[in-house]
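Given only the sequences and the hints, what does the whole structure look like? Please build it.
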Amino acid sequence: MENLIIDKTSDTPNILLDSLNGKIEISARSLPENAIEFYTPIINWVEEYSKNPSKETNVNFNLEYFNTSSAKQIAKILLLLKQLSNDNKVNIRWHYSADDSDMKSTGERFSKLLNLEFEFIEVN
Amino acid sequence: MSKHTFENTEFSLSLFEELQKKNISYIHIGNFDREVTDAVISLTEKNLQTEEESSKMKKKIFAIMVESIQNITRHQTADDNEDDLGLFIIKKSNDRYYITTGNSIEKDSIPTITELIQNVNVLDKDELKAYYKKILNEGELSEKGGAGIGFIDMARKSGNKLSYKFIDLNNSKSYFYFQTIPSLVNISENFNTEAENSLSNIIETHNILKAQKVRLVFNGIMNQENLNGLLDTIENNNFNSESTKKKLFYIVMEMLQNIVKHGSNPNEEHLGNIAMFILSETEGGYLLTSGNYIKSENEQVLANKIEYINQLKKKDELEKYYDEILFNFENDNPKNSGLGFIDLRLKSGNKLKPFFKKLNNGYSYYSLQVRI
Chain A
179 MENLIIDKTS
189 DTPNILLDSL
199 NGKIEISARS
209 LPENAIEFYT
219 PIINWVEEYS
229 KNPSKETNVN
239 FNLEYFNTSS
249 AKQIAKILLL
259 LKQLSNDNKV
269 NIRWHYSADD
279 SDMKSTGERF
289 SKLLNLEFEF
299 IEVN
Chain B
255 MSKHTFENTE
265 FSLSLFEELQ
275 KKNISYIHIG
285 NFDREVTDAV
295 ISLTEKNLQT
305 EEESSKMKKK
315 IFAIMVESIQ
325 NITRHQTADD
335 NEDDLGLFII
345 KKSNDRYYIT
355 TGNSIEKDSI
365 PTITELIQNV
375 NVLDKDELKA
385 YYKKILNEGE
395 LSEKGGAGIG
405 FIDMARKSGN
415 KLSYKFIDLN
425 NSKSYFYFQT
435 IPSLVNISEN
445 FNTEAENSLS
455 NIIETHNILK
465 AQKVRLVFNG
475 IMNQENLNGL
485 LDTIENNNFN
495 SESTKKKLFY
505 IVMEMLQNIV
515 KHGSNPNEEH
525 LGNIAMFILS
535 ETEGGYLLTS
545 GNYIKSENEQ
555 VLANKIEYIN
565 QLKKKDELEK
575 YYDEILFNFE
585 NDNPKNSGLG
595 FIDLRLKSGN
605 KLKPFFKKLN
615 NGYSYYSLQV
625 RI
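Quick note, the sequences are listed as chains A and B, same order. The opening residue of the first sequence carries number 179 in the working numbering; numbering runs sequentially from there. The opening residue of the second sequence carries number 255 in the working numbering; numbering runs sequentially from there.
If you're looking for bench data, these hints aren't it; they were derived computationally from the structure. Being a predicted model, the structure only gives us computed values, none of them experimental. In this text, a Cβ means the ideal position worked out from N, Cα and C, and glycines have one as well. Some clues are possibly wrong.
[Claimed, not checked] Computed list of lysine to aspartate or glutamate pairs in EDC-like fashion (alpha-carbon distance at most 20 Å, straight line): (1) B:Lys601 <-> A:Glu297; (2) A:Lys254 <-> B:Glu369; (3) B:Lys383 <-> B:Glu369; (4) A:Lys260 <-> B:Glu578; (5) B:Lys499 <-> A:Glu226; (6) B:Lys515 <-> A:Glu300; (7) B:Lys499 <-> A:Glu300.
[To be verified] Heads up, incomplete: computed chain B residues facing chain A, CB under 8 Å, no partners named: (8) Asp287; (9) Ile475; (10) Gln478; (11) Asn482; (12) Tyr504; (13) Ile505; (14) Met507; (15) Glu508; (16) Val514; (17) Glu578; (18) Phe581; (19) Lys601.
[Said to hold, decoys possible] Not close to chain B: a few residues of chain A, all C-beta gaps over 12 Å, as computed: (20) Met179; (21) Asp185; (22) Glu203; (23) Ser205; (24) Glu211; (25) Leu257; (26) Trp272; (27) Asp280; (28) Ile299.
As structure tokens, this is what we get:
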């Protein structure tokens, strides 16, 4: 399965999806006008990956900001990861800036709602 | 209660109309440092791209912007006294750009500044060039910019006379307004009257904004590029704390994206939605005001939505509602995640303040205020 790498722009995040090493990373800013369009290939990739995943999957969310339309797409990705975690090892790391209590509490709510364990990492 | 305060919701409409009428596209009031200057310049750059201005004209505008903002930074004092804050305004009227800056100065420097500008204003193009060379050769540059080299430079770049005005602040200080009108061909007809009128208009608007502690005004096409530019400006500004800045970023982002997606434009010749965005200081916080047009038929639905969210009082009620919508993918569409207003309410911790006014062309003016 092909890796999917997308470089960040002023309003879309860095995406690193590496099937061989079981790596899923979303970082920087996510505030596109059309979040569905941006996230559809990413969601499709995660779905495809889940059919034949690595032994262990390491997921890193390291977002500086995201808008509400991105939140909904991130929720979709997390739902897929929740399913994947039923039979596979999935580690989710949620990075947040020390100044950004909203980012932390968003992660906590996602974790609680999906009943999925997150590791929280404070960044500077 | 005064008519000209944000407490009066009609004020946002009158300001919107004033900005449209005077064609003011961007205002920044505050202390100018390098980051702020860069952000102001980059936002204007984005705006000029939308306007498809010629590269020659763009170069002129940039050079004058940089020089005139440097004028502010040279003279500004570090304190946050409202009267001493720097001012930058750009407007475009009849295909002409008007760049105005302002800063407070000691009264005793008025004669010097006046003389420097008047010396420049009597010279024609060739004389300016010679004068510029002479000053450079003589090396009379003092720490504060010296011998008006900046004025000579701006006069050369603009191709027109410089206009200025001093307004008394108190016994020792005055406010110095300085306006440059760049053009590719020299404007001769009625130039003085036009420049003077423009400057008085700007002073009038500045006074209204100053009284409300306005820090930033954007008036123009609200598209994704300008949204990114405005967010950069928020990022590069000095707010009382990093966490305030983060909050402002989130809130401005949602407010503006709402306009990008749902705004309307009664004026078909513009591509994109005309909108106003204002950031002002309040006691212990900030007030964000947006204003734009929507189709009148959509007014009620919008009003109901905001009212519903406003009546949810407890944080957990709001969060519950947010989560419900977050995981509801049935009506997943690019235009509307349904989360924007709840997010604004949650992040600000305050009620949202909407204002609608039907205009007579099937459109309504819609303003939203968020306090943090």
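Results for each hint:
no., hint, in the structure
1, B:Lys601 <-> A:Glu297, "23 Å, violated"
2, A:Lys254 <-> B:Glu369, "67 Å, violated"
3, B:Lys383 <-> B:Glu369, "18 Å, holds"
4, A:Lys260 <-> B:Glu578, "18 Å, holds"
5, B:Lys499 <-> A:Glu226, "39 Å, violated"
6, B:Lys515 <-> A:Glu300, "33 Å, violated"
7, B:Lys499 <-> A:Glu300, "18 Å, holds"
8, Asp287, "20 Å, violated"
9, Ile475, "14 Å, violated"
10, Gln478, "5 Å, holds"
11, Asn482, "5 Å, holds"
12, Tyr504, "6 Å, holds"
13, Ile505, "10 Å, violated"
14, Met507, "6 Å, holds"
15, Glu508, "6 Å, holds"
16, Val514, "6 Å, holds"
17, Glu578, "10 Å, violated"
18, Phe581, "6 Å, holds"
19, Lys601, "6 Å, holds"
20, Met179, "25 Å, holds"
21, Asp185, "16 Å, holds"
22, Glu203, "22 Å, holds"
23, Ser205, "17 Å, holds"
24, Glu211, "5 Å, violated"
25, Leu257, "8 Å, violated"
26, Trp272, "16 Å, holds"
27, Asp280, "6 Å, violated"
28, Ile299, "17 Å, holds"
When each numbered hint is compared with the structure, violations occur for hints 1, 2, 5, 6, 8, 9, 13, 17, 24, 25, 27.
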